[in-house]
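Student: Protein sequence lines correspond, in order, to chains A and B.
Numbered as in the numbering used here, the first sequence ends at 284 without a single skipped number.
Numbered as in the numbering used here, the second sequence ends at 584 without a single skipped number.
Think of the hints as simulated: they come from the structure by calculation, not from any bench.
One should not assume that every hint holds.
[Claimed, not checked] For lysine-lysine, the following DSS-like pairs were computed, each having C-alpha atoms within a straight-line distance of at most 27 Å:
id, chain 1, residue 1, chain 2, residue 2
1, A, Lys269, A, Lys30
2, B, Lys332, A, Lys195
3, A, Lys87, B, Lys522
4, A, Lys216, A, Lys269
Quantities reported herein were computed from a predicted structural model and do not represent experimental measurements.
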Amino acid sequence: MPANRFNAFTEYGVGIGLRVPHYRHILEKKPVVDWFEIISENYMVDSGRPLTVLDQILDQYRVVQHGVSMYFGSAEPFSREHMRRIKDLVRRTRTPWLSDHLCWGSVDGTYTHDLLPMPYTFEAARRTAEKIREAQDFLEIPIAVENVSSYAEFHISQMTEWEFLNEVVEQADCGILLDVNNIYVSSQNHNFDPKDYIEAVPADRVAQIHIAGHSKFEKYILDTHDHPVLDPVWALYARAIERCGPTATLLEWDDSIPTFDEVHAEALKANRYLNSQAALAESA
Amino acid sequence: MTTDAPELLALQRRMAAAVMRPLTRDEQMRRRDENNRSIADEADDFIKPNDRLSSFERLEIYNRQYWFRLFSSFEEDFPGLRSIVGTKRFERLMRAYLHAHPSSSFTLRNLGSSLVSWLTENREYGAPDTDAAIAMAALEWAHIEAFDNEQRPALTAEEAAALDDNSRLALQPYLRLFEASCAVDDALIAVREASAGASAQASNAVAIHLVRRTRSLKPAPGQIYLAVHRHEDSVYYKRLALEDYSLLRALESGVSLGDAIEAAFQQSAIAEEDRPAHIQSAFHYLMQMGWLCTPKENDL
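Sequences and hints are given; from them, build the entire structure.
Tutor: This is the structure we're talking about:
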């Protein structure tokens, strides 16, 4: 399961997000890192420093693209220009798979730059799956969709979030980027048991897992990516790894970013679960 | 737009309108919309409440996140404009601009692309020194473009040797030309240095001191002609002589090389007999910087 058709049969270990404050450290010290995840949009430019740095990273590391603006769930069609830019970057990075979110964020040509929640309806699932298929066909690589953190639910929803995710990935025949922190955040905001979500996910479609920190407020939790991973999230991660096997794992840390070594050390904690699961699989 | 998911589209239009509606002065979601309808009623109609938050409060999380994200990006892109108009006026300007020009790009990089034209049409937001404010906004947008615009193959010595009066040239897309009646380049460099110093020292006292200082920074008067360009992935501001600026502007507009050279000296004080030497020196510099290139078909 860790290597499957949704991650191009790769067996990547623990990666971290490539972020600007770490550029110098990475290029000068060349630390050993299994792989880096890049935010596609940061490199969808014509030229300049972002691409110079990316090319230097690509010379030495494996890179996977993660997007924030494909908006598979937006009712409107893809922009051709946008898709062409993504494809140019896919060719440059040779990413084995590409991920983006199960959400929407633009309408009538205006962008919110947010990952807005979907109404869990059959109509939305069908439209979203159509767009993911279209993107897979155009980009010619496997796509994994990521569950988002959410703070609102809609009256028109006809199913749970995990039922919606399953409906979409089955119809699109695509992979899942399972964000266990997002599951935890949404479970607290919407009063469901996060274990129900983990148990319902089709393990054979999980291409990658995200872990991250979040911030707790009085009445809700925000997905802030500015803390170490908290214990309840590690517990969900452990169960996800039990179900899916040792899957490519990525720590997201996007705000109040500490040193490279601190971020990497936090990410490598995932090896406790990955290694024990790998050992179990071997003995079996 | 046509879609085969009308219910989805209708919900997304409804939510986007709510999320992008301006906040109150104390950064809360408004209670009434533009037509004096209750936003709480609107939220109740499509968003579920839970045991801790009303529909209104849940929607408000997204409304605030939207604006805070845009404010943060805009403030990062235009620190020089902020220093010229002052913090309070900048806040007003930023809110009005972002309401008039919400993002129409997948990237926040393009958020300020309409700022100069908007500020030119809404001069009251740049007061009291609106011309300096517009010039600073233009310089800061040129900086963004110079940072990551395309770099084409530069004109080679062989190609340059084959040029004649009828030849046409293009400029590198990362090269932005810019003129102003005050030294906004020096002012912006000072603002950026102050900001970098504040970050490096990580002291609140120092940061407050520098914010106060940047408020009082005003560009010195005096006409400048600038090339905002990129060299080894860093952006630079190069002051140009009027003749060199006019030459580049003319080439950029697509006129022939002969006409561009003529345009270069239209307002020049350089003596007629010194002009060939000036042009030769200017071309030597332009070639050295790699700013000239062969036009693409759609440039002509």
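Student: Against each hint, give a clear statement of whether it holds in the structure.
Tutor: Comparing the hints with the structure gives:
1. A:Lys269 with A:Lys30: holds (20 Å)
2. B:Lys332 with A:Lys195: holds (23 Å)
3. A:Lys87 with B:Lys522: Distance ~36 Å between Lys87 of chain A and Lys522 of chain B Cα, so the pair is violated.
4. A:Lys216 with A:Lys269: holds (22 Å)
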